[in-house]
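Undergrad: Residue numbers (the numbering used here), protein chains in the order written: chain A, 118 to 344; chain B, 118 to 344; chain C, 118 to 344; chain D, 118 to 344.
I should point out that these hints are in silico values taken from the structure, not numbers from a laboratory. Values in this document were obtained by computation on a predicted structure and should not be read as measured data. The reader is advised that the hints may include incorrect statements.
Because identical chains share one entry, a pair is satisfied inside a single copy or across any pair of copies.
Derived pair list, reagent style BS3-like, types lysine-lysine, alpha-carbon separation capped at 30 angstroms [unchecked claim]:
1. Lys266 x Lys139
2. Lys226 x Lys171
3. Lys179 x Lys226
4. Lys179 x Lys125
5. Lys203 x Lys338
6. Lys335 x Lys126
7. Lys126 x Lys338
4 protein chains.
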Amino acid sequence: MDPITQLKKEMISACRVLSQQKLVEGFGHVSARIPDSELFLITPRVSLALVTRKELLTLNLKGEVVEGNQPAPFEAWLHTAIMKTKPRVNAITRIHARVANIFSVTDRKLEPVHNHGSFFSGGVPVFHPPDLISTPELGAAVAEILGEKPAVLLRGNGQVTVGGTIAEAVMMAIYLEEAAEILHGALQIGAPIPLTANESARRREEALPPVDLERAWKFFKNRAESS
Amino acid sequence: MDPITQLKKEMISACRVLSQQKLVEGFGHVSARIPDSELFLITPRVSLALVTRKELLTLNLKGEVVEGNQPAPFEAWLHTAIMKTKPRVNAITRIHARVANIFSVTDRKLEPVHNHGSFFSGGVPVFHPPDLISTPELGAAVAEILGEKPAVLLRGNGQVTVGGTIAEAVMMAIYLEEAAEILHGALQIGAPIPLTANESARRREEALPPVDLERAWKFFKNRAESS
Amino acid sequence: MDPITQLKKEMISACRVLSQQKLVEGFGHVSARIPDSELFLITPRVSLALVTRKELLTLNLKGEVVEGNQPAPFEAWLHTAIMKTKPRVNAITRIHARVANIFSVTDRKLEPVHNHGSFFSGGVPVFHPPDLISTPELGAAVAEILGEKPAVLLRGNGQVTVGGTIAEAVMMAIYLEEAAEILHGALQIGAPIPLTANESARRREEALPPVDLERAWKFFKNRAESS
Amino acid sequence: MDPITQLKKEMISACRVLSQQKLVEGFGHVSARIPDSELFLITPRVSLALVTRKELLTLNLKGEVVEGNQPAPFEAWLHTAIMKTKPRVNAITRIHARVANIFSVTDRKLEPVHNHGSFFSGGVPVFHPPDLISTPELGAAVAEILGEKPAVLLRGNGQVTVGGTIAEAVMMAIYLEEAAEILHGALQIGAPIPLTANESARRREEALPPVDLERAWKFFKNRAESS
């Protein structure tokens with residue numbers, strides 16, 4: 118299988134995993150950089166549960182569709198801004214995780230308290246304007262708030278996660294919601310014990326070696342395919 | 118397919134979507150105006166998970182069955198009152214969403230904090246008498262409380278949502294429960310940040326253009342059919 | 118179909134509905150009086166998800182197995198005590214509903230706040246000793262606490278619901294958990310508004326006419342069969 | 118079937134039950150002592166939803182793989198430490214139960230309030246360092262904290278449960294999460310009433326006679342197989 122076909126296949130797997138986990142319901146997008154190019158693939162305005170490999174669009178960093186038969190997503194600017202400014206990011210998910218969304222509409226910071234939350238050490242940044250990211254300026258602003266973190270909350274409007282690979286971006290989405298669920302539950306019964314910066318650093322090293330990332334990714338792909 | 122058959126097909130889709138989302142369990146009704154007429158279609162006293170196209174009743178605005186072999190629903194007056202007084206409403210759902218119901222039995226107002234909640238700006242009105250809407254007077258009273266809003270909570274007794282199309286009425290039901298879930302979760306962990314009137318207005322415009330409504334409706338119909 | 122076979126079939130439906138609703142997981146029992154007799158049918162020590170019609174036991178009011186190849190349940194005394202003292206009760210469920218169980222282990226009374234909760238007006242009684250109901254004395258004590266109510270909570274140990282028919286006993290189990298879920302959710306966000314005694318009485322009349330009970334029962338049986 | 122094949126089959130059942138209950142998602146391990154030996158079986162670095170009988174590893178008490186084609190799990194030391202010091206333990210689960218995990222990251226003790234929680238009388242001990250158990254020293258430290266209890270929480274990192282049989286270790290995992298869910302729910306609505314030491318002792322005797330353990334195990338195996 119040629120690399121682009123392989124990448125597209127991986128993107129469709131990502132779409133199905135995010136749907137099966139209910140991290141998207143009807144909306145949301147996934148994008149992935151085409152290696153050694155100024156181009157990236159992105160899902161069109163189609164549910165991630167239903168989108169097919171042939172429908173994937175190829176965009177350049179100006180947000181123009183260079184291949185594909187559908188218009189670019191409203192929020193294409195979010196993806197171009199991140200792809201342009203963050204060379205280590207090769208994949209992006211744009212999701213609507215329920216419990217992470219709850220944190221974004223309160224004054225409560227989403228901080229890690231458990232091992233798979235360690236990627237979010239220091240707390241997940243929040244982009245406060247509740248608008249769709251439909252202009253280059255809004256896209257650049259989100260990319261700046263994201264910084265070098267793996268995720269950003271858009272107030273009342275879902276989340277963005279990024280990774281060096283599609284698998285990593287999707288696992289960040291899954292771990293983000295897991296971190297939110299555990300902190301949400303903890304806040305209801307007592308004083309949560311956050312991971313210290315040191316503990317987070319150590320746990321992060323342990324929790325995402327390539328072998329474990331692959332193991333988790335394989336598990337979630339299998340669950341999505343057999344559901 | 119003739120327009121009435123098409124409308125009936127859409128109604129059955131609505132019934133299945135509401136069942137699959139557990140917004141109804143055994144009870145509930147869906148109705149839809151027959152265009153350019155004084156008549157509307159309504160589901161009989163049959164679970165929305167099980168009702169068939171042939172069982173749909175045709176009622177006039179006096180609540181009389183003009184076509185169909187079953188008695189009108191107990192709450193037919195709810196539907197006639199809304200159909201009579203709100204010409205822009207062409208479809209109604211009568212549901213029992215769990216978390217929205219929780220708000221109706223407390224002193225807490227259901228106000229939007231997230232983008233898909235923006236339709237409910239200013240808060241969802243509550244009809245306080247806990248009775249079934251089984252008289253013309255009760256029907257008229259609910260229609261008045263509903264006003265120009267897309268939804269009304271019936272205390273301890275479910276909800277009513279309306280729309281210009283069946284798809285819109287169903288999506289209002291789904292977004293109502295989503296708005297309730299997110300506010301419920303937010304209230305447990307901190308101070309919720311409501312959308313301002315301005316933010317709501319802007320988000321409402323963005324969140325329900327016809328293309329997005331169709332995308333969401335297609336997603337939920339597909340989920341219901343494949344479940 | 119002869120009446121006993123019909124009754125056994127209905128019992129197996131009840132077992133499957135309670136399993137599908139997760140009101141039992143591995144444990145629990147259902148019993149039903151044989152009309153015009155001093156005998157009743159009861160499930161043996163077998164999961165309600167798995168028990169078959171042929172395995173059902175026939176017991177007399179002394180708790181003796183008069184037909185069937187398995188020993189009586191540990192808690193047979195619970196069923197004999199209720200069957201003996203409450204002639205209007207023809208069916209019993211012994212379940213472990215999660216949220217209702219939560220109320221039983223706190224100082225908080227489970228009182229109805231919504232229409233389908235109206236059957237539990239005045240609050241659901243609690244039997245405080247956490248023991249299995251494995252003696253005639255414990256059985257009699259539970260029957261006394263139950264009184265003329267449709268349900269009783271056994272502290273930390275599940276619940277008992279009763280009805281004039283199998284369908285009614287099962288619907289009481291489903292409505293009990295629904296009432297618990299709604300009150301539990303309400304307590305987390307504000308001051309719950311209980312139904313007054315008058316409101317409950319009126320709602321109870323409206324909410325369980327035979328036509329509606331049949332409609333709900335048909336819905337849940339269909340869901341269990343198709344799951 | 119020879120005893121080792123039988124044991125391996127039971128282990129795979131345990132893996133599937135834990136997956137189906139979502140007590141593991143991608144990660145986690147199960148181990149079981151080979152009777153009358155210094156050896157035990159353990160799952161390799163493969164999701165418990167996917168692992169096959171042929172992939173099971175045989176380890177000695179020094180953590181060396183004596184049979185099998187994959188490397189030992191990172192946390193093999195956890196299993197060797199417990200197997201070495203606790204002769205009555207013949208099976209171990211290493212899980213990531215969601216609600217039990219929530220307790221581990223707060224100052225709130227997980228104490229039993231309901232009958233199936235009675236096994237955890239006195240509260241579930243917590244191992245505070247958030248590290249993976251990847252050295253003999255950490256393994257020994259967890260084994261010491263576990264003591265004679267059936268479960269230990271690893272702060273923010275899941276749990277360990279043990280039993281005299283595979284079925285018992287798995288049921289302890291299921292009852293641990295059940296105990297956590299009920300206490301979590303109780304803490305949200307009022308003052309939980311813990312089981313006294315006496316009540317726990319009595320309930321423990323009643324709740325896990327071999328016949329009931331078998332009944333529950335059979336139920337969960339059936340659910341996992343038919344899901």
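Undergrad: Hint by hint, note whether the structure agrees.
TA: Hint by hint, here is what the structure shows:
| no. | hint | in the structure |
| --- | --- | --- |
| 1 | Lys266 x Lys139 | both (23 angstroms within a copy, 28 angstroms between copies) |
| 2 | Lys226 x Lys171 | neither (40 angstroms within a copy, 46 angstroms between copies) |
| 3 | Lys179 x Lys226 | neither (34 angstroms within a copy, 44 angstroms between copies) |
| 4 | Lys179 x Lys125 | within (21 angstroms within a copy, 45 angstroms between copies) |
| 5 | Lys203 x Lys338 | within (27 angstroms within a copy, 38 angstroms between copies) |
| 6 | Lys335 x Lys126 | both (14 angstroms within a copy, 23 angstroms between copies) |
| 7 | Lys126 x Lys338 | both (12 angstroms within a copy, 25 angstroms between copies) |
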